[in-house]
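J.: Which chain is which? The protein sequence lines are C and U, in order. If you count by UniProt numbering, then the first sequence holds residues 1 to 222, one letter each, in order. If you count by UniProt numbering, then the second sequence holds residues 1 to 98, one letter each, in order.
One thing to keep in mind: the hints can contain errors.
Said to hold, decoys possible - Here are the simulated lysine-lysine pairs, DSS-like style, with alpha carbons at most 27 Å apart: (1) C/141 / C/87; (2) C/167 / U/75; (3) C/40 / U/30; (4) U/22 / C/174; (5) C/47 / C/87; (6) C/123 / U/62; (7) C/174 / C/123; (8) C/47 / C/141; (9) C/119 / C/141; (10) U/62 / C/47; (11) C/153 / C/174; (12) C/87 / U/30; (13) C/47 / C/119; (14) C/24 / C/40; (15) U/22 / C/24; (16) C/24 / C/167; (17) U/75 / C/107; (18) C/174 / C/107; (19) U/62 / C/111; (20) C/123 / C/153; (21) C/174 / U/30; (22) C/123 / U/30; (23) C/40 / C/87; (24) C/47 / C/123; (25) C/174 / C/24; (26) U/22 / C/167; (27) U/75 / C/166; (28) C/119 / U/75.
To be verified - Some residues of chain C that are not near chain U, with every Cβ distance over 10 Å (derived): (29) 33; (30) 72; (31) 85; (32) 99.
No lab work stands behind these hints, which were simulated from the structure alone. Every residue gets a Cβ at the ideal spot worked out from N, C-alpha and C, and that includes glycine.
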Amino acid sequence: MRIWSSEHTFDHEWETVAMAAFKKYPNPLNRAVTGIDVVKQTLEAGKILTERIIQSHFSIPSWATKLTGFSGTQYSHEYTVIDPHRKEFSLTTRNLNGSSFLRVDEKLTYKPDQEDPNKTVLKQDVIVTITLPAFADYCEKTFLSIYSQNASKGRQGVEWVIDNLKKEYEEISKKVSTILVSSEVHEMSEKMRHWSIPSTSSGPSCTSSTSSGPTTSSSKSQ
Amino acid sequence: MSDRHMSSIFPECDQLKQIYDKCFTEFFQKFITPNYRHQYAVNPCERFHEVYKRCVDERLAKQRPFEIDLDEIRKEYLNTEDDKLKSRQSSSTQSEQK
Chain C
1 MRIWSSEHTF DHEWETVAMA AFKKYPNPLN RAVTGIDVVK QTLEAGKILT
51 ERIIQSHFSI PSWATKLTGF SGTQYSHEYT VIDPHRKEFS LTTRNLNGSS
101 FLRVDEKLTY KPDQEDPNKT VLKQDVIVTI TLPAFADYCE KTFLSIYSQN
151 ASKGRQGVEW VIDNLKKEYE EISKKVSTIL VSSEVHEMSE KMRHWSIPST
201 SSGPSCTSST SSGPTTSSSK SQ
Chain U
1 MSDRHMSSIF PECDQLKQIY DKCFTEFFQK FITPNYRHQY AVNPCERFHE
51 VYKRCVDERL AKQRPFEIDL DEIRKEYLNT EDDKLKSRQS SSTQSEQK
């Protein structure tokens with residue numbers, strides 16, 4: 001049995017990282033993940049509890065498949081608890097294949113940095129146990145060296161998703177502000193129309209003036 | 001909202017997954033904000049999940065892509081802190097009733 005632990009700080013607040021971690025896949029840095037199914041997703045006492053089956057595909061040599069019966073397609077079970085009140089997002093993952101000789105337990109937790117709430121700390125622990133008649137220790141070491149490389153890719157993947165979500169939000173907020181602005185303009189012109197009723201002569205000119213930008217913003221402050 | 005979509009393990013269930021994911025992601029975005037009333041929230045997309053899950057469960061049972069029984073794993077998770085807390089809570093309510 002071998003344990004590997006690491007800590008990483010994201011320069012983003014918890015909500016942003018949680019959103020990205022929740023929508024982590026697909027991303028170009030973790031292409032091994034080929035399919036995910038949500039087998040359970042419930043809300044209990046203000047927390048989201050999720051169980052997912054994750055399918056990954058690795059290119060491993062055919063002799064290794066013959067030797068271990070371990071094919072390139074792997075499945076794992078992931079259990080996540082998202083607690084927005086305590087700002088804690090934890091994931092526990094276990095391999096579903098090759099369990100006769102391999103067991104990988106992974107635990108990840110995303111929490112706000114205690115010193116800086118604008119940052120988020122990811123704690124990651126993995127325990128690997130390989131049961132083979134020989135070279136088990138060597139295999140565990142090799143596994144963890146590959147694992148640590150993948151872990152860094154995983155963090156880069158989260159960063160990629162954060163960038164991607166930001167772009168999406170920017171696009172959405174642009175759209176939303178366009179809608180808001182146009183509805184404001186509409187609202188203003190409606191008001192103008194009402195106001196224009198008593199003074200019959202200024203009516204049409206007043207309504208038309210709302211369509212130009214500066215007039216709208218100045219009248220908004222009233 | 002997102003063009004990125006993680007597909008289902010089973011292509012036949014992918015469309016149902018997309019419908020569910022879209023619904024749940026929209027809910028999640030609201031849920032994650034600090035001012036949301038988390039305590040009494042329920043999954044608003046449960047109906048979509050039921051249909052989608054049925055599709056996945058059928059295929060998992062038929063194709064058996066892995067040898068481990070998910071219920072076995074669930075039993076282990078029952079010993080997590082959350083569940084300890086839950087059992088403690090339920091036992092305290094029982095004692096209150098007495």
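J.: Could you run down the list of hints and mark each one as holding or not?
T.: Okay, the hints, checked on the actual structure:
A C-alpha spacing of about 34 Å is found between residue 141 of chain C and residue 87 of chain C, which places the hinted pair above 27 Å, so the restraint is violated. Only pairs whose Cα atoms come within 27 Å are accepted, and residue 167 of chain C paired with residue 75 of chain U is rejected, the gap being roughly 41 Å. A hinted pair counts as satisfied when its Cα atoms are at most 27 Å apart, and residue 40 of chain C with residue 30 of chain U qualifies at roughly 20 Å. The straight-line distance between the Cα atoms of residue 22 of chain U and residue 174 of chain C is roughly 21 Å, inside the 27 Å bound, and the hint therefore holds.
With a C-alpha separation of about 10 Å, the suggested pair residue 47 of chain C and residue 87 of chain C falls inside the 27 Å cut-off, and the hint holds. For the hint linking residue 123 of chain C to residue 62 of chain U, the alpha-carbon distance of about 37 Å lies beyond 27 Å, and the restraint is violated. Simply put, residue 174 of chain C and residue 123 of chain C have alpha-carbon atoms about 35 Å apart, too far for the 27 Å limit, and the pair is violated. Restraint check: the Cα-Cα separation between residue 47 of chain C and residue 141 of chain C comes to about 36 Å, which exceeds 27 Å; the hinted pair is violated.
About 32 Å separates the Cα atoms of residue 119 of chain C and residue 141 of chain C, which puts this hinted pair outside 27 Å; it is violated. Pair hint residue 62 of chain U plus residue 47 of chain C does not hold up; C-alpha atoms about 32 Å apart against a cutoff of 27 Å. Straight-line distance between C-alpha atoms of residue 153 of chain C and residue 174 of chain C comes to about 31 Å, which puts the hinted pair past the 27 Å bound. Distance hint between residue 87 of chain C and residue 30 of chain U is fulfilled; the C-alpha atoms sit about 15 Å from each other, no more than 27 Å.
With a C-alpha separation of about 22 Å, the suggested pair residue 47 of chain C and residue 119 of chain C falls inside the 27 Å cut-off, and the hint holds. Restraint check for residue 24 of chain C and residue 40 of chain C: the C-alpha separation of about 18 Å stays at or below 27 Å, so the hint holds. Proximity of residue 22 of chain U to residue 24 of chain C is assessed by CA-CA distance (about 15 Å); at most 27 Å being required, the pair is judged to hold. Of the supplied pair hints, the one linking residue 24 of chain C and residue 167 of chain C holds, its CA atoms being roughly 15 Å apart against a limit of 27 Å.
Taking the CA atoms of residue 75 of chain U and residue 107 of chain C, the gap is near 17 Å; set against the 27 Å cutoff, the hint holds. Straight-line distance between C-alpha atoms of residue 174 of chain C and residue 107 of chain C comes to about 38 Å, which puts the hinted pair past the 27 Å bound. Between the alpha carbons of residue 62 of chain U and residue 111 of chain C the distance comes to roughly 39 Å, so the proposed pair goes past 27 Å and is violated. Distance restraint check for residue 123 of chain C and residue 153 of chain C: the Cα-Cα separation of roughly 15 Å lies within the 27 Å cut-off, and the hinted pair is therefore satisfied.
About 19 Å separates the Cα atoms of residue 174 of chain C and residue 30 of chain U, which keeps this hinted pair within 27 Å; it holds. Proximity of residue 123 of chain C to residue 30 of chain U is assessed by CA-CA distance (about 25 Å); at most 27 Å being required, the pair is judged to hold. Distance restraint check for residue 40 of chain C and residue 87 of chain C: the Cα-Cα separation of roughly 21 Å lies within the 27 Å cut-off, and the hinted pair is therefore satisfied. Using a Cα cut-off of 27 Å, the hinted pair residue 47 of chain C and residue 123 of chain C holds, with the two alpha carbons roughly 20 Å apart.
Note on residue 174 of chain C and residue 24 of chain C: the hinted pairing holds, with a Cα-Cα distance of about 24 Å set against a maximum of 27 Å. A hinted pair counts as satisfied when its Cα atoms are at most 27 Å apart, and residue 22 of chain U with residue 167 of chain C qualifies at roughly 18 Å. Restraint check for residue 75 of chain U and residue 166 of chain C: the C-alpha separation of about 39 Å exceeds 27 Å, so the hint is violated. Restraint check for residue 119 of chain C and residue 75 of chain U: the C-alpha separation of about 35 Å exceeds 27 Å, so the hint is violated.
Under the 10 Å C-beta cut-off, the non-interface status given to residue 33 of chain C relative to chain U is violated; the minimum distance is some 7 Å. With a least beta-carbon separation of about 13 Å from chain U, residue 72 of chain C lies farther than 10 Å from that chain, consistent with its non-interface assignment. Against the 10 Å criterion, residue 85 of chain C falls within the reach of chain U, whose nearest CB is about 6 Å from its own CB. A beta-carbon of chain U is positioned within 10 Å of the beta-carbon of residue 99 of chain C; the least distance is around 6 Å.
The structure fails to meet hints 1, 2, 6, 7, 8, 9, 10, 11, 18, 19, 27, 28, 29, 31, 32 from the earlier list, while all remaining hints are met.
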